[in-house]
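Sequence order for the protein chains is A and B. Position one of the first sequence corresponds to residue 0 (numbering that gives the first Met the number 0), numbered consecutively onward. Position one of the second sequence corresponds to residue 0 (numbering that gives the first Met the number 0), numbered consecutively onward.
Take these hints with a grain of salt, some might be off.
[What the hints assert, rightly or not] Restraint-style ranges between C-beta atoms, simulated for each label pair:
#: 1; chain 1: B; residue 1: 17; chain 2: A; residue 2: 277; range: 17 to 25 Å
#: 2; chain 1: A; residue 1: 120; chain 2: B; residue 2: 77; range: 55 to 63 Å
#: 3; chain 1: B; residue 1: 91; chain 2: A; residue 2: 277; range: 18 to 26 Å
#: 4; chain 1: B; residue 1: 9; chain 2: A; residue 2: 264; range: 35 to 43 Å
#: 5; chain 1: B; residue 1: 9; chain 2: A; residue 2: 268; range: 16 to 24 Å
#: 6; chain 1: A; residue 1: 110; chain 2: B; residue 2: 17; range: 24 to 32 Å
#: 7; chain 1: A; residue 1: 53; chain 2: B; residue 2: 83; range: 52 to 60 Å
[Claimed, not checked] Each computed DMTMM-like pair below joins lysine to aspartate or glutamate, with the alpha-carbon atoms no more than 20 Å apart:
#: 8; chain 1: A; residue 1: 138; chain 2: B; residue 2: 73
#: 9; chain 1: B; residue 1: 63; chain 2: A; residue 2: 65
#: 10; chain 1: A; residue 1: 80; chain 2: B; residue 2: 56
#: 11; chain 1: B; residue 1: 63; chain 2: A; residue 2: 292
#: 12; chain 1: B; residue 1: 63; chain 2: A; residue 2: 61
#: 13; chain 1: A; residue 1: 332; chain 2: A; residue 2: 192
#: 14; chain 1: B; residue 1: 74; chain 2: A; residue 2: 93
#: 15; chain 1: A; residue 1: 180; chain 2: A; residue 2: 308
#: 16; chain 1: A; residue 1: 298; chain 2: A; residue 2: 104
#: 17; chain 1: B; residue 1: 9; chain 2: A; residue 2: 277
#: 18; chain 1: B; residue 1: 28; chain 2: B; residue 2: 46
#: 19; chain 1: B; residue 1: 91; chain 2: A; residue 2: 93
#: 20; chain 1: B; residue 1: 63; chain 2: A; residue 2: 308
#: 21; chain 1: B; residue 1: 28; chain 2: B; residue 2: 49
#: 22; chain 1: A; residue 1: 80; chain 2: A; residue 2: 308
#: 23; chain 1: A; residue 1: 442; chain 2: A; residue 2: 415
#: 24; chain 1: A; residue 1: 147; chain 2: B; residue 2: 81
#: 25; chain 1: A; residue 1: 263; chain 2: A; residue 2: 277
#: 26; chain 1: A; residue 1: 147; chain 2: B; residue 2: 84
#: 27; chain 1: B; residue 1: 74; chain 2: A; residue 2: 40
#: 28; chain 1: A; residue 1: 165; chain 2: A; residue 2: 110
#: 29; chain 1: B; residue 1: 9; chain 2: B; residue 2: 22
#: 30; chain 1: A; residue 1: 180; chain 2: A; residue 2: 192
#: 31; chain 1: A; residue 1: 348; chain 2: A; residue 2: 294
#: 32; chain 1: A; residue 1: 80; chain 2: B; residue 2: 49
#: 33; chain 1: B; residue 1: 63; chain 2: A; residue 2: 36
#: 34; chain 1: A; residue 1: 138; chain 2: B; residue 2: 84
#: 35; chain 1: A; residue 1: 138; chain 2: A; residue 2: 196
#: 36; chain 1: A; residue 1: 180; chain 2: A; residue 2: 110
#: 37; chain 1: A; residue 1: 381; chain 2: A; residue 2: 312
#: 38; chain 1: A; residue 1: 87; chain 2: A; residue 2: 255
#: 39; chain 1: A; residue 1: 223; chain 2: A; residue 2: 247
#: 40; chain 1: B; residue 1: 91; chain 2: A; residue 2: 142
In short, the hints are calculated from the structure, not lab data. Predicted, not measured: the structure shown is a model, and the values here were computed from it. Quick reminder that beta carbons are idealized off the backbone N, C-alpha and C, glycines included.
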Amino acid sequence: MTFLIKGETETWEVVIGLEVHAQVISNAKLFSGAPTDFGADPNSQVSFVDAGMPGMLPVINEVAVEQAVRTGLGLKAQINKRSVFARKNYFYADLPQGYQISQFELPIVGEGTIVLDMPDGTSREVGIERLHLEQDAGKSIHDLHPSKTFIDLNRSGVALMEVVSKPDMRSPDEAGAYLRKLRSIMRYLGTCDGNMDEGSMRCDANVSVRPVGATELRTRCEVKNVNSVRFVMQAIEHEARRHVDIYESGGEIHQETRQYDPNKGETRQMRSKEFAHDYRYFPDPDLLPLVFDDEYIAKIKATLPELPDEKKERFMADYGLTAYDAGVLVVEKETSAYYEDVAKGRDPKAAANWVITNLFGALNKQGISITNSPVSANNLGKLIDLITDDTISGRIAKDVFEVMVDEGKDPETIVEEKGLKQITDTGPIEAAIEQVMADNPGKVEEYRGGKDKLIGWFVGQVMKQTGGKANPGMLNELLRKKLAP
Amino acid sequence: MSLDDATVRKIATLARIDVADADLAPLAKELSGIMSWIEQLQEVDTDSVEPMSGGTDMTLGWRKDAVSDGGHADKVLANAPESHEGFFGVPKVIE
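Bound conformation, chain A alone:
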């Protein structure tokens, strides 16, 4: 899955590091008691701390701390028992304090690892550099007034985890796999809902290129705030090609912040905020160091659920699934739970096929999630049982499934109502075969004359004659006997 850009003079590889801002799931904000719900009336969820009023003091939310530690454990990362909050100073209308409370030198979580599941079933590791806690800023709205920007501080002060990867990714596909995996882990842990379209997970991509074989890192550009996995992948590809074009025409890349325009398919420089990168970090004098002990970490560790990597291993070992199938089934914990309900006491591979091919296909077509599936795990299981005990054929089962999707009924009722029970009596099958043979004496002649391939045609005709209900095994056997010269 190597991704290389062929230029005029060289072949280039792309080097990618991602910074993800993940909104912590908590009732109240990081340093105030104001609520965090999405979509409330403007400035209705703002305390004086969040509004940067003079004299207000931040007090840390214990759940935000716990969620950061949980996420760190999920990323197999080092947890720092002592961390320090710092002020990141910059001037912007939606940052009333004039600084963001963040962590700089001593973050709460240090180095960790994420395993990427690539579409071809292989996996590879990407390093996590750090995870730190910080405040979100407010929201600027530019299109409600001709000459004003409107500011809503509801988001101001909401707890974010900034997860910084090492520059370990080499293709847009890997960046996409990284984001999906990180989102999956956080959803399993219940630490971030991962909704990129609501902005509760946002991504900045650091992109540079270098000739294949080179080991040095070249100047990178940061593409800011891309709001879907697909757009992140597109933005990286466009940005990498831009670098190649500039290098190959003899130019140089300057470190800068860029914005991706998905409509035009290009990145462009953001109007540079004056001194934007002169953040003058220093330890926040309003906040003492954040300290906890091993016992605290162990308590959180004891409550971790089975995570996607372990679940994938188990699905491969216990159910004999391929890496690809197991990887697909464990992305969402709701999907894996559904699958396990279907697979319970049944052929696990058949269950995987039905869930991945048929169910996912139907859900995608209607754009609904598995939790709202019209076909319950119980009913899909019963459908597989009907195939196993020869009540219906696999082909009829697909038709029954369609009806289950449309009407939400259980498969037994559908089979009963529509008279789809498989014919396993030899009598009616033989009668159908005889009918087809009587109607097509020419074909019978040809077959007997050595045209073996006609057997398929006969199977089709007899199936049609029985409304698709003949047991395929019996049909084949009886047909060969009758056609034999």
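Here the structure of chain A is known, so what remains is to put chain B in place on it, guided by the hints.
For chain B alone, coordinates are given in the frame of chain A:
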């Protein structure tokens, strides 16, 4: 270490403080004085001392994750020079 006028101008800009040209030179002198105090402090050997972010031995107090605030947009906006439909209104910031 002594700061030149340009550096003082940059610091003032970062801090959003409007400093008149005539005040630059005196400010540079004052700030340079502070810097030389710091230089003097750097003579102390601190190699065996962990960096501190505060002067006490205390650590952070934690708060329960309970909603205890919000619901008073009127008060939040009370001192705003301009507000529209529940929002703060500021000069157009276009990125």
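Distance restraint between residue 74 (chain B) and residue 93 (chain A), which requires alpha-carbon spacing of 20 Å or less: holds (18 Å)
Pair hint outcome, residue 381 (chain A) versus residue 312 (chain A) [Cα-Cα no greater than 20 Å]: violated (27 Å)
Satisfaction of hint between residue 49 (chain B) and residue 28 (chain B), Cα-Cα up to 20 Å: violated (32 Å)
Restraint check for residue 332 (chain A) with residue 192 (chain A), where alpha carbons must lie at most 20 Å apart: Judged against 20 Å, a Cα distance of about 12 Å means the pair holds.
Holds or violated: residue 9 (chain B) to residue 277 (chain A), with C-alpha atoms at most 20 Å apart: holds (11 Å)
Pair hint outcome, residue 263 (chain A) versus residue 277 (chain A) [Cα-Cα no greater than 20 Å]: Violated, because 31 Å separates the two Cα atoms, which is more than 20 Å.
Hint check for residue 77 (chain B) and residue 120 (chain A) - Cβ pair distance inside 55 to 63 Å: The hint (55 to 63 Å, Cβ to Cβ) holds, given that residue 120 (chain A) and residue 77 (chain B) are roughly 60 Å apart.
Agreement of residue 91 (chain B) and residue 93 (chain A) with the hint, judged by alpha carbon distance not exceeding 20 Å: Answer holds: residue 91 (chain B) to residue 93 (chain A) is near 12 Å, not above 20 Å.
20 Å Cα cutoff - pair residue 180 (chain A), residue 308 (chain A): holds (10 Å)
Verdict for residue 110 (chain A), residue 17 (chain B) (Cβ pair) under range 24 to 32 Å: Hint violated: Cβ distance 44 Å, outside 24 to 32 Å.
Distance restraint evaluation - residue 9 (chain B), residue 268 (chain A), Cβ atoms, bounds 16 to 24 Å: holds (22 Å)
Holds or violated: residue 80 (chain A) to residue 308 (chain A), with C-alpha atoms at most 20 Å apart: violated (26 Å)
When held up to the earlier numbered hints, the structure conflicts with 6, 7, 16, 18, 20, 21, 22, 23, 25, 31, 37, 39 and fits the remainder.
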